[in-house]
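Visitor: These are the residues of each chain, in order.
There are 2 protein chains.
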Amino acid sequence: MREVAVIGVGMIKWGELWEKSLRTIFVETALAAMDDAGVDHLDALYVGCMSSGLFVGQEHLGSLLADYLGQKPIPAARVESACASGGLALRLGFIDVASGMNDIVLVAGVEKMTDLNPNEATYALGTAADQEYEGYHGVTFPGLYALMARAHMEKYGTTREQLAMVAVKNHDHGSLNPLAQFPFKISVEAVLNSPLVADPLRVLDCSPITDGAAAVILAPVEVARKLQKPVVKIIGTGQATDSIALAQREDVTWLEAVYQSAKKALAMADKKIEEINIFEVHDCFTIAEICVIEALGLVERGKGGQAVEAGLTRIDGRFPVNPSGGLKAKGHPVGATGVAQAVEVVEQLRGEAGARQVKGACFGLTQTMGGTGGSSVVHIFAVE
Amino acid sequence: MREVAVIGVGMIKWGELWEKSLRTIFVETALAAMDDAGVDHLDALYVGCMSSGLFVGQEHLGSLLADYLGQKPIPAARVESACASGGLALRLGFIDVASGMNDIVLVAGVEKMTDLNPNEATYALGTAADQEYEGYHGVTFPGLYALMARAHMEKYGTTREQLAMVAVKNHDHGSLNPLAQFPFKISVEAVLNSPLVADPLRVLDCSPITDGAAAVILAPVEVARKLQKPVVKIIGTGQATDSIALAQREDVTWLEAVYQSAKKALAMADKKIEEINIFEVHDCFTIAEICVIEALGLVERGKGGQAVEAGLTRIDGRFPVNPSGGLKAKGHPVGATGVAQAVEVVEQLRGEAGARQVKGACFGLTQTMGGTGGSSVVHIFAVE
Chain L
1 MREVAVIGVG MIKWGELWEK SLRTIFVETA LAAMDDAGVD HLDALYVGCM SSGLFVGQEH
61 LGSLLADYLG QKPIPAARVE SACASGGLAL RLGFIDVASG MNDIVLVAGV EKMTDLNPNE
121 ATYALGTAAD QEYEGYHGVT FPGLYALMAR AHMEKYGTTR EQLAMVAVKN HDHGSLNPLA
181 QFPFKISVEA VLNSPLVADP LRVLDCSPIT DGAAAVILAP VEVARKLQKP VVKIIGTGQA
241 TDSIALAQRE DVTWLEAVYQ SAKKALAMAD KKIEEINIFE VHDCFTIAEI CVIEALGLVE
301 RGKGGQAVEA GLTRIDGRFP VNPSGGLKAK GHPVGATGVA QAVEVVEQLR GEAGARQVKG
361 ACFGLTQTMG GTGGSSVVHI FAVE
Chain B
1001 MREVAVIGVG MIKWGELWEK SLRTIFVETA LAAMDDAGVD HLDALYVGCM SSGLFVGQEH
1061 LGSLLADYLG QKPIPAARVE SACASGGLAL RLGFIDVASG MNDIVLVAGV EKMTDLNPNE
1121 ATYALGTAAD QEYEGYHGVT FPGLYALMAR AHMEKYGTTR EQLAMVAVKN HDHGSLNPLA
1181 QFPFKISVEA VLNSPLVADP LRVLDCSPIT DGAAAVILAP VEVARKLQKP VVKIIGTGQA
1241 TDSIALAQRE DVTWLEAVYQ SAKKALAMAD KKIEEINIFE VHDCFTIAEI CVIEALGLVE
1301 RGKGGQAVEA GLTRIDGRFP VNPSGGLKAK GHPVGATGVA QAVEVVEQLR GEAGARQVKG
1361 ACFGLTQTMG GTGGSSVVHI FAVE
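Quick note, the sequences are listed as chains L and B, same order.
According to my numbering, the first sequence holds residues 1 to 384 in order.
According to my numbering, the second sequence holds residues 1001 to 1384 in order.
Extracted from the complex, chain L is given alone in its bound form (with noise of 0.2 Å):
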C-alpha cells in the first residue's frame, strides 16, 4: 500500500445554517479545502454523511455532489455508520489512494439537520440504534447514554461533577475555536443546573443538534512533499463493531469497538497510544469521552472521570482530548464530525491552530463511534 498524506483541509462556522441547503456548506467546505490544496480537480470523492434521507429527503449524494462541486465525472461515493460516518469516508478516502486506484481524493463530511423539529431529528438520530430492540420500545439517545452514565457511575464512583467537568473543559476549549456552534465557556454549576434530559444527562452534557461540514483531501505522500506546507500523513488506520443493541453488551460501560478500532490503528501505525500527542474523540455526550479515554487506554478502566477532573486531558495536560471544543462546544453534524476531527489534528500537526494550539504536537489520533459505539473508526496522523 502507498503511504497517504493530507494536503488539504476545510471547515466552516458550523451553526444553525437555515439560509444554506446541504450541497451548498459541502461545496463551500470543499472548496476550501481544495484551495488549502492548491487542486483544481479531484480524482474521487467520498462523502460521510448519516441519514440525509430523513433529514433533508435527499439521498444519491455523491452523484449531487460531485456535481454541484463541478467535478463530474468523477467516481463518488457516499458511506454511513451512523454519527461515525466522517471518520469511515476518511478509511475509505485512505485505502482508495493506499491502492493507488486514485491519487486526489477528497474525503468529506456532511449533515444538515436542524430543518426538522427536534423530535424529528431525535427520530432521525435514533435510528442509529437497533430499532427492532431499542427504538420500537421509545429509548432515544440520550436514555441510552443516560444508562451508560448511571452504571458508569454505580460501578466506578464516577460523580455527577465530573461529567460536567468534561462538558466545562470542551466548551473552554471550544471557546478558542472561532468555527464551532457554541464558542463560550460554561460552567459546572450551569450543567448541573441546565434541564434535565434523561436522568443524570442534562442539556448541557448532550452535544447539540448541527447543520455542518468538512473536508480534507488526501493524496500520496509524493504528491505532499512537493507542497509547501508540513506533511501530515495518516499512518493508521483501525475501524471496529460491536453489538448494536446495548443491552446486548456484557458491560455497558466499556467500549468494546473503541478498543478493538485503537489497537489496529496503533499496530499499523506501530504506535504506543502514550506517544500520541493530541486527541480528537467522540464526546457526543459527557460520559461517552470519559468511555472513550479509558477504551482508548489513556487511563485505567474506571478512571475516566477522576482524570477529567484532575485536568489530564485538557489543552495543556498530559493528554489533550477534544482541543477543537469537541461535538460539545464544535457542534455535531453527525456525518461531518469524523472529518472535522481529522482537521482540527491536521492543524495541530502543522502548527496552526492559533490559540488553541497543543505546543510540540507530533501524532495526533481521531476517533469517532456510531450509536452507543456499535461502531467506531480510529485514525493515527503523524508530521513529517
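A portion of the hints provided could be inaccurate.
The calculated DSS-like cross-link candidates involving lysine-lysine, where the alpha carbons are at most 30 Å apart (straight line), are [claimed, not checked]:
no. : chain 1 : residue 1 : chain 2 : residue 2
1   : L       : K185      : L       : K226
2   : L       : K263      : L       : K233
3   : L       : K13       : L       : K229
4   : L       : K185      : L       : K303
5   : B       : K1272     : L       : K233
6   : B       : K1155     : B       : K1263
7   : B       : K1233     : B       : K1155
8   : B       : K1263     : L       : K264
9   : B       : K1264     : L       : K264
10  : L       : K272      : L       : K233
11  : B       : K1233     : B       : K1264
12  : B       : K1272     : L       : K226
Just so you know, these hints were derived from the structure itself, not from any lab.
Based on these hints, arrange chain B on the given structure of chain L.
Guide: Below, chain B alone, put in the same frame as chain L:
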C-alpha cells in the same frame, strides 16, 4: 494492486417478504455466500443499501449486520449511490481487497421496500433525484424515465412496441430464474394493455418494488485458486457521475455516466466491449436498457430499440443482456441489485446458470446506475 476473485455467491428468492425483516434477509443471503465460499469468518463487510432510513427506519447497517451475522468486531461499511448502491459496494470491496487491507471481504446489497405503501416507496425512491430541482416540483422516477423515453422515440424513431420487447425479453429470461420475483413470460400485448403510469411508460415497462438481498465473497486470487471451483476474477471496475438532474443534461437520451464508467472498467480490464459475452444491466424501466446498451457501445446511438427487436440481446443473441431476468422480472430491491448482477455473472462464468446458461461465456459485465444515470458503476469479470 492485488488481483481479486469472487469465491462465493449467495441469493434468496426475491419478492414481497413480509414475514422477514431486513436483517433476516441479509443474514440468509450472507450465509449462503459464505457456504458457497467455504469460509466461516470474514475480515470486512461492505453493504450497499439506498435508503433503509426511509424504508424501514434503520440506519447504521454496518454495525447491525456485522452483529447479526455473528461477525463483530469486523469493520463494516454501508455505502450508498441510490439504485447503484450494490455496484458501489462491490467496487469498494474490490478496492479493499486489491489494496491488501483485508483478505476475505463480504459484499452484500439489501433493500426492504414493501413495508411501506407504494406512495411512500415512490417518495423514498424519489430521493435519488435532485430534491430541490426535481422532487419538489412533483416529478417521480416513472415521470423522469418517461421523458427520456419520449425523447428517444422522437429523436430516433424508437417505437412503443420496441420498449415493450425489452420487458418481454427480460421476462422470457426471468421465467428460467427460480429466484426471480416474477418468473413468468409476458407478451407485447400485455405490456401495451397494462395500466398507464407516465406516458408512454406502462406498469409492465417498470421494474417492481421488491424485498431482497444478494451477497458475494471477495478474496485475493491465490485464495480462489485453492478452491474446487472455476476461478472468477474481477478484472475491471469503473464508476462515474453525471448531473443528478435530468434537465441539466445536454441530451436526455444519452447516459454519459454509463459511457464513462464502462470506458474506465474496460480500459482497466484491457478489453473491448465486443469481447464481453454476457451483460447484466440496469433496466429499471424498459427505456433504461435501450439507453444503456447504446452507452455501453453494444449498438450505435439511437439503435437500441431496433437491436432489441432484432433479438441481439436475447440469451441466444450476439450480446445476451440480462439473462437473470433483469430488474424487470427478477425484481429491484434497489441496494441489492448491483450485487445480484455480480451473482448472476459469476454463476454464468462458472457454467452454473442452469436453463438460462449462456454457452461458452468467458467474460461478463455488470452495469448499475443511480437515479436517471446520475451515477453508474461497471465491473468486468473473467473466468480463468
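Visitor: Please flag the earlier hints that this structure goes against, numbers listed from lowest up.
Guide: 1, 5, 7, 8, 9 and 12
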